[in-house]
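> With the hints as constraints, model all of the structure from the sequences given.
In this note's numbering, the protein residues as written are 798 to 931.
Hints are computed from structural coordinates only; laboratory data are not their basis.
Take the hints with a grain of salt, since some may be wrong.
To be verified - Here are the simulated distance ranges between beta carbons:
id, residue 1, residue 2, range
1, G847, V888, 25 to 31 Å
2, Y861, S810, 34 to 40 Å
3, T846, S892, 30 to 36 Å
4, D808, E904, 31 to 37 Å
5, C860, V917, 20 to 26 Å
6, N902, Y861, 23 to 29 Å
7, S892, F925, 14 to 20 Å
8, P866, D808, 19 to 25 Å
9, A834, G814, 18 to 24 Å
10, S824, S892, 17 to 23 Å
11, T845, Y895, 23 to 29 Å
12, S892, D808, 28 to 34 Å
Predicted model, so just to flag it, every value in this text is computed and none were measured.
Where a beta carbon is used, it is the ideal one built from N, C-alpha and C, also for glycine.
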Amino acid sequence: MRFQADLEGIDASCLQGFFVEWPNPPSAQKHLEILSASHGIELSIDETTGHVVGFINVISDGCYSSYIPLLEVLPGYQGRGIARELIRRIVARYSGFYMLDLCCNKEIVPVYASHGFLEVSGMAHRNFDRQSGE
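Here it is as structure tokens:
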């Protein structure tokens, strides 16, 4: 397993299998566009296949606030500490910012808390008709 903070050598064919159980998931090509448009990314890559097996991305104003919209690890690679390493790398990279925020499911709160995140209340507006990004 190796980690990288850019899309060098990555195309849509390397991004298969994410967004499991999403009713209207982004295509691999849209996933590539999301990563490309992000302020920052970290990827976990299986060195045998060259495929991305985990990713985290950040959107930001570039100086003060940042937000993690997506973090995923492929089901077959979960339980190996990949998500924790992706979080660790992003937290380190954005340590000079005032805020690094995210929304997550309740069962994931302890994982983020172990990286210094504080539990706060929040709201979200979702347009599920646009979940695929198309």
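> Range hint 25 to 31 Å: satisfied by the CB atoms of G847 and V888?
holds (27 Å)
> Using the C-beta atoms of P866 and D808, is the stated range 19 to 25 Å upheld?
Holds - the Cβ-Cβ distance for P866 and D808, about 21 Å, lies within 19 to 25 Å.
> Between the beta carbons of A834 and G814, is the distance compatible with 18 to 24 Å?
Holds, since A834 and G814 (Cβ atoms, about 21 Å apart) stay within the stated range.
> Does 14 to 20 Å hold as the CB distance between S892 and F925, or does it fail?
violated (34 Å)
> Per the hint of 34 to 40 Å, is the separation of the Cβ atoms of Y861 and S810 within bounds?
holds (36 Å)
> Has the hinted range 23 to 29 Å been met by the Cβ atoms of T845 and Y895?
Once the Cβ atoms are compared, 40 Å apart, the range 23 to 29 Å for Y895 and T845 is violated.
> When you take the CB atoms of S892 and D808, is the distance between them in 28 to 34 Å?
holds (31 Å)
> When you take the CB atoms of D808 and E904, is the distance between them in 31 to 37 Å?
Roughly 33 Å apart at Cβ, these two residues keep to the hinted range, so it holds.
> Using the beta carbons of T846 and S892, state whether their distance is inside 30 to 36 Å or not.
Given a distance of about 32 Å, which is inside 30 to 36 Å, the answer is holds.
> Using the beta carbons of C860 and V917, state whether their distance is inside 20 to 26 Å or not.
Since C860 and V917 have Cβ atoms about 22 Å apart, the given range 20 to 26 Å holds.
> Just tell me: holds or violated, for the beta carbon distance of S824 and S892 against 17 to 23 Å?
violated (33 Å)
> Tell me if the beta carbons of N902 and Y861 are separated by a distance inside 23 to 29 Å.
holds (27 Å)
Checked against the numbered hints above, the structure violates hints 7, 10, 11; every other hint is satisfied.
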